[in-house]
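Enquirer: Here is what each chain is made of, one letter per residue.
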Amino acid sequence: MPYLVSFHLGWLIGSLLLGFCMGWISVVQRGKGTSKVTAWWLAALAVALVAASLAHVVPGRFGYWFDLGLIMFACYLVGCTIGAWLRDRVVSRTAPPASL
Amino acid sequence: MQKLFSWASKWWLGLIPLVVMWGFAAWNNTLPVEADLSARSSAALKDTVLDKTRIAVDGRDVRLAAEAFSEEGRRDAVTAVETVPGVRLVDDRTRLVPEANPFVWNAERDVVRVTLSGSAPLPSMKARLTEAARKEVGGVEVADQMGLARGAPPRFEAAAMLLLDQIGKLKDGKITITDTKVHLSGMARELGGREAIAAALKNLPEGFSIAANEIKAPPYIFQAYKDPVAATVTLTGYVPDNNVHAAIATSASRKFFTEKVVDNLKASIGAPGAFNTAVVAALGALSRLSTGTLVVSDREVKLSGDALYEGAAAEIRAGLGKDFPKSWQYKPEITVKPAAGPVDGTVCQQLFSELLTKSKIRFANKRAEIDPDSAGILDRLIETALRCPTVNIEVVGHTDADGEDSFNQDLSEKRAQAVIDYLVKAGLPPSRFTAVGQGSTQPVAGNDTDEGKAQNRRIEFLVR
Numbered sequence: 001m002p003y004l005v006s007f008h009l010g011w012l013i014g015s016l017l018l019g020f021c022m023g024w025i026s027v028v029q030r031g032k033g034t035s036k037v038t039a040w041w042l043a044a045l046a047v048a049l050v051a052a053s054l055a056h057v058v059p060g061r062f063g064y065w066f067d068l069g070l071i072m073f074a075c076y077l078v079g080c081t082i083g084a085w086l087r088d089r090v091v092s093r094t095a096p097p098a099s100l
Numbered sequence: 001m002q003k004l005f006s007w008a009s010k011w012w013l014g015l016i017p018l019v020v021m022w023g024f025a026a027w028n029n030t031l032p033v034e035a036d037l038s039a040r041s042s043a044a045l046k047d048t049v050l051d052k053t054r055i056a057v058d059g060r061d062v063r064l065a066a067e068a069f070s071e072e073g074r075r076d077a078v079t080a081v082e083t084v085p086g087v088r089l090v091d092d093r094t095r096l097v098p099e100a101n102p103f104v105w106n107a108e109r110d111v112v113r114v115t116l117s118g119s120a121p122l123p124s125m126k127a128r129l130t131e132a133a134r135k136e137v138g139g140v141e142v143a144d145q146m147g148l149a150r151g152a153p154p155r156f157e158a159a160a161m162l163l164l165d166q167i168g169k170l171k172d173g174k175i176t177i178t179d180t181k182v183h184l185s186g187m188a189r190e191l192g193g194r195e196a197i198a199a200a201l202k203n204l205p206e207g208f209s210i211a212a213n214e215i216k217a218p219p220y221i222f223q224a225y226k227d228p229v230a231a232t233v234t235l236t237g238y239v240p241d242n243n244v245h246a247a248i249a250t251s252a253s254r255k256f257f258t259e260k261v262v263d264n265l266k267a268s269i270g271a272p273g274a275f276n277t278a279v280v281a282a283l284g285a286l287s288r289l290s291t292g293t294l295v296v297s298d299r300e301v302k303l304s305g306d307a308l309y310e311g312a313a314a315e316i317r318a319g320l321g322k323d324f325p326k327s328w329q330y331k332p333e334i335t336v337k338p339a340a341g342p343v344d345g346t347v348c349q350q351l352f353s354e355l356l357t358k359s360k361i362r363f364a365n366k367r368a369e370i371d372p373d374s375a376g377i378l379d380r381l382i383e384t385a386l387r388c389p390t391v392n393i394e395v396v397g398h399t400d401a402d403g404e405d406s407f408n409q410d411l412s413e414k415r416a417q418a419v420i421d422y423l424v425k426a427g428l429p430p431s432r433f434t435a436v437g438q439g440s441t442q443p444v445a446g447n448d449t450d451e452g453k454a455q456n457r458r459i460e461f462l463v464r
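Chains as they are written, first to last, in our numbering: chain C, 1 to 100; chain B, 1 to 464.
It should be emphasised that the hints constitute simulated quantities derived from the structure, not laboratory data.
Just so you know, not all the hints are guaranteed correct.
As the list claims (entries may be wrong) - Dumping the calculated DSS-like pairs for lysine-lysine here, alpha-carbon to alpha-carbon at most 25 angstroms:
(1) B:K46 to B:K126
(2) B:K216 to B:K181
(3) B:K202 to B:K174
(4) C:K36 to B:K174
(5) B:K302 to B:K216
(6) C:K32 to B:K181
None of these values were measured; they are calculated from a predicted model.
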């Protein structure tokens, strides 16, 4: 893991920034997101993929790409969370209390 | 938390650019990652002892193929690669180097090179053995054809190093270690080399033993080359000791009266029995040749060259073998020198005088028996007599003043007659010669010193 992080640091920062932007937008974006059921399924899929990665099920280059994808995805999620949380802080600070 | 779920439900849109980025990242980094892990794995294996190591990286998975020299070494190598940061899986294709049974190692020397073959237990030892062989044989090429195998006996390297020290002492030959048995064959480079090797083998490490030592000593060679142009006789090769050396040198200087003796002999052990007798006899035969080469190799004597006349050639061919011990072989290749043109009596007398000034016919003390060392001068006198077939020759004997006059007179006549008998035996007509004895009446030097007496004891040839 530390090796993957240090070797692909640029790409991971890119994923983090992408996630940050996505998170930033997601707070104020109108429209419906994925349904709860789909979200659960996606979460289960993510867990299954992480489990597959840890079990080294996928061999060779595909395994490497798989791990790389997961770690970029993890960075993306972290970026999203940070972006959304910060945006939320900004929005809640600037909005009038009456609207609450 | 509720908010987080609400936000997260909208994050999927970003997955599309993320996937694109992922594609690019994978495209750009696969080969660098593989190269980096390959380099790191190789570096991790630097301190392990392996043979035929091959590292192939697929993604982050490393396939390690190698031959190890012990189970522990094999495990250590796999662990070393497994602990390289970034390596995900190691496909272990390592195996142990095959075990040689019996464990055989050879060092073979021929004229141009030393070849090391068979098995060595470790690559580093293989290199050390090759290096040791290079040092031992100097500029000779060393060919390393050794393979690697397990199963070497304990202290193998010490034994092999000791045997490599001996390879320099061989002219050609082969040294083999089969498990703990050592076999040597071939020929030593120098006399005494065989004995030196046998002595060194006593220091073989514990557990090793000599199965066979068939190292032969080189032939014991003595050579003499008579060069009439340079007027030299060159002696080369070996003599058993300084006493024999001195005896041969003295004998040579008496036999070769017109040539300078160049003595390049070296003392060495290993001479065959009766070496001195045989060499002195053979030098006597060489002294009768106008040009010739004598090679004494162990118990074989080869004499080649030109005799001065046919009778001498026949005598040398037939006679010399009798002087050698029975176990010796004699191979004469004697031809006859083309006869020189005839000369008149005056020139003949001049030639006789010249010859007898340079040397003299020697006899046994107080007797009329011709010393065998005088064969050379007699042959030249005969050759000269053959060039002037029409003249008669008076052979005059002289003695020193020791003893009674009548004895000396008698001795001088007998000695003159003995010389004539020799000439007649060689094929000259007896009618041409007259024996005259002068006793001690015509001294050429004082009789009060040994040197003077030696000069007075003489034979003269007078053309009449």
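Enquirer: Taking the hints in turn, state whether each one holds.
Expert: How the hints compare with the structure:
{"no.": "1", "hint": "B:K46 to B:K126", "result": "18 angstroms, holds"}
{"no.": "2", "hint": "B:K216 to B:K181", "result": "19 angstroms, holds"}
{"no.": "3", "hint": "B:K202 to B:K174", "result": "18 angstroms, holds"}
{"no.": "4", "hint": "C:K36 to B:K174", "result": "86 angstroms, violated"}
{"no.": "5", "hint": "B:K302 to B:K216", "result": "22 angstroms, holds"}
{"no.": "6", "hint": "C:K32 to B:K181", "result": "89 angstroms, violated"}
Of the numbered hints listed earlier, those contradicted by the structure are 4 and 6.
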